[in-house]
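Could you build the full structure based on these sequences and the hints that come with them?
For the protein sequence lines, the chains are A and B, in the order given. Position 124 (the first sequence) corresponds to 144 in my numbering; numbering is contiguous. Position 49 (the second sequence) corresponds to 69 in my numbering; numbering is contiguous.
Misleading hints may appear alongside valid ones.
[To be verified] Which residues of chain B face chain A? A few of them, derived with a C-beta cut under 7 Å, are: (1) Tyr-44; (2) Ile-46; (3) Tyr-49; (4) Leu-122; (5) Val-130; (6) Val-140; (7) Pro-142; (8) Pro-146; (9) Ser-155; (10) Phe-163; (11) Ala-164.
[Claimed, not checked] Heads up, simulated EDC-like pairs for lysine to aspartate or glutamate below, C-alpha to C-alpha not over 20 Å straight-line: (12) B:Lys-136 x B:Glu-103; (13) A:Lys-172 x A:Glu-184; (14) B:Lys-236 x A:Asp-137; (15) A:Lys-136 x B:Glu-231; (16) A:Lys-181 x B:Glu-189; (17) B:Lys-136 x A:Glu-231; (18) A:Lys-136 x A:Glu-96; (19) A:Lys-243 x B:Asp-137; (20) B:Lys-185 x A:Glu-189; (21) A:Lys-252 x A:Glu-231; (22) B:Lys-179 x A:Glu-189; (23) B:Lys-136 x A:Glu-240; (24) A:Lys-185 x B:Glu-189; (25) A:Lys-251 x A:Glu-231; (26) A:Lys-176 x B:Glu-189; (27) A:Lys-236 x A:Asp-248; (28) B:Lys-181 x A:Glu-189; (29) A:Lys-236 x B:Asp-137; (30) B:Lys-251 x B:Glu-116; (31) B:Lys-243 x A:Asp-137; (32) B:Lys-136 x B:Glu-100; (33) B:Lys-176 x A:Glu-189; (34) A:Lys-179 x B:Glu-189; (35) A:Lys-251 x A:Asp-230; (36) A:Lys-136 x B:Glu-240; (37) B:Lys-251 x B:Glu-231.
[What the hints assert, rightly or not] Residues from chain B that keep clear of chain A, each with C-beta distances beyond 10 Å, as calculated: (38) Ser-58; (39) Asn-78; (40) Ser-80.
Everything labelled a hint here was simulated from the structure, so no lab data went into it. No residue lacks a Cβ here, since even glycine has one placed at the ideal position from N, Cα and C.
Now for the letters of each chain:
Protein chains: 2
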Amino acid sequence: MSTPNPCGRLYLIPSMIGNCPANYCIPPYNIQIVNRLSHFIVEETSSAYRTLRHIGFNGSFDNVTLYQLNEHSRPEDITEYLECTKDGHDIGLLSEAGLPCLADPGAYVVRLAHSKDIQVIPLTGPSSIVSAIISSGMNGQCFAFHGYLPIKSPQKENKIKSCEKYSAEFHQTQVFIEAPYRNNQLFNTLVSICLPTTLLSIACNVNSDDEYIAMKSISEWRKSNAPDLHKKPTVFCLLAN
Amino acid sequence: MSTPNPCGRLYLIPSMIGNCPANYCIPPYNIQIVNRLSHFIVEETSSAYRTLRHIGFNGSFDNVTLYQLNEHSRPEDITEYLECTKDGHDIGLLSEAGLPCLADPGAYVVRLAHSKDIQVIPLTGPSSIVSAIISSGMNGQCFAFHGYLPIKSPQKENKIKSCEKYSAEFHQTQVFIEAPYRNNQLFNTLVSICLPTTLLSIACNVNSDDEYIAMKSISEWRKSNAPDLHKKPTVFCLLAN
Chain A
21 MSTPNPCGRL YLIPSMIGNC PANYCIPPYN IQIVNRLSHF IVEETSSAYR TLRHIGFNGS
81 FDNVTLYQLN EHSRPEDITE YLECTKDGHD IGLLSEAGLP CLADPGAYVV RLAHSKDIQV
141 IPLTGPSSIV SAIISSGMNG QCFAFHGYLP IKSPQKENKI KSCEKYSAEF HQTQVFIEAP
201 YRNNQLFNTL VSICLPTTLL SIACNVNSDD EYIAMKSISE WRKSNAPDLH KKPTVFCLLA
261 N
Chain B
21 MSTPNPCGRL YLIPSMIGNC PANYCIPPYN IQIVNRLSHF IVEETSSAYR TLRHIGFNGS
81 FDNVTLYQLN EHSRPEDITE YLECTKDGHD IGLLSEAGLP CLADPGAYVV RLAHSKDIQV
141 IPLTGPSSIV SAIISSGMNG QCFAFHGYLP IKSPQKENKI KSCEKYSAEF HQTQVFIEAP
201 YRNNQLFNTL VSICLPTTLL SIACNVNSDD EYIAMKSISE WRKSNAPDLH KKPTVFCLLA
261 N
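What follows is the structure, given as structure tokens:
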């Protein structure tokens, strides 16, 4: 006998990035949804309570169940987290910053939900990656996000050179991030090894008071003062021609 | 003598996708900004008035200046549009659906703004591409958006096969769109030429009442009823292994 389809749904719930208030980047509908849910999959329970308050949850946490998702979570744990949907409960996958599943954990939860025919509903919210792409002035019809570059030399330099070459060939914007304490180093590497005509955009502290977004050719960056990106979340976009 | 830096800024203003109301996907801050601006770069003036109302502009249009951006716009036109920033006016780049510059025109406006040291401020809003990626359950640490696939055979099939191969090699999620009246055809092509173990996700009518998001392996899709995607905006994501 097959079990009936579950009717609970999986909501993908964004949270704020930067230091802006919720109304800057969280649509009112998200607040309605968050207050309707009592089951959440989160990265870290203690910070999740704070995040839920920040994005507008105003009820009591007494009736809220949090399930922790981290590198130790096994597939069978996540299967168990999704069990509540069988009783008709919706469940939220909460990001700690930005969008779940975009440079953020959670893809496996979504994949499992699909395999169980649980409806997946993405809510709208901020993403520093997406903001960086649209404000780069580069090709938004064709782009690739690479996540973190390799840490070591010469793998890092090789990856940058291959991104640059691919970008020139396919007119594809190349997007990547770095551990924030290595941002200045990456900036210097990019400016020193990329071609003078290659465009480089820097999106730093997106959605904060001191958001800094600039785009110049490598030759222009070489003549400019380098921005201080140390320990500031930054997204790098590159377009070669 | 160098001219002083302009103080007007360029806001990137998203609009709704699907048939959901504004509060579903537009943060309150965007409405504040839209009502503060009197200069907008738009795709089409008549629909722009409607879009502005939809996203919360509630003033009179008498004092609003719209500048049209289309395939006929020349660089000197856009330079002229941005002139108002020299008088301290902020200007908005308005999308007709979703985010400006993401599968949407406007990148050249942003590029020109950067070259003139005009601050570029991206606002948060919905994107069917981004929603498709996060709700695919696929790799969100590494993905590529290809825009439209080639229209003709065998270029289309070759592109799909090369995307699939690249995806398997680099564990990169491949994202593309099709002219809505050819969606069913593309779906059939994907299901027939991709490997059985390749994952395919379909995000159709995102942010509409009848939003449909599903992810299965090609072999599962072959056993399922094909979804009807005809003339419905759809984003396709593919991950090979």
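Exercise for review: Could you tell me which of the hints above the structure violates, numbers in ascending order?
Suggested key: none
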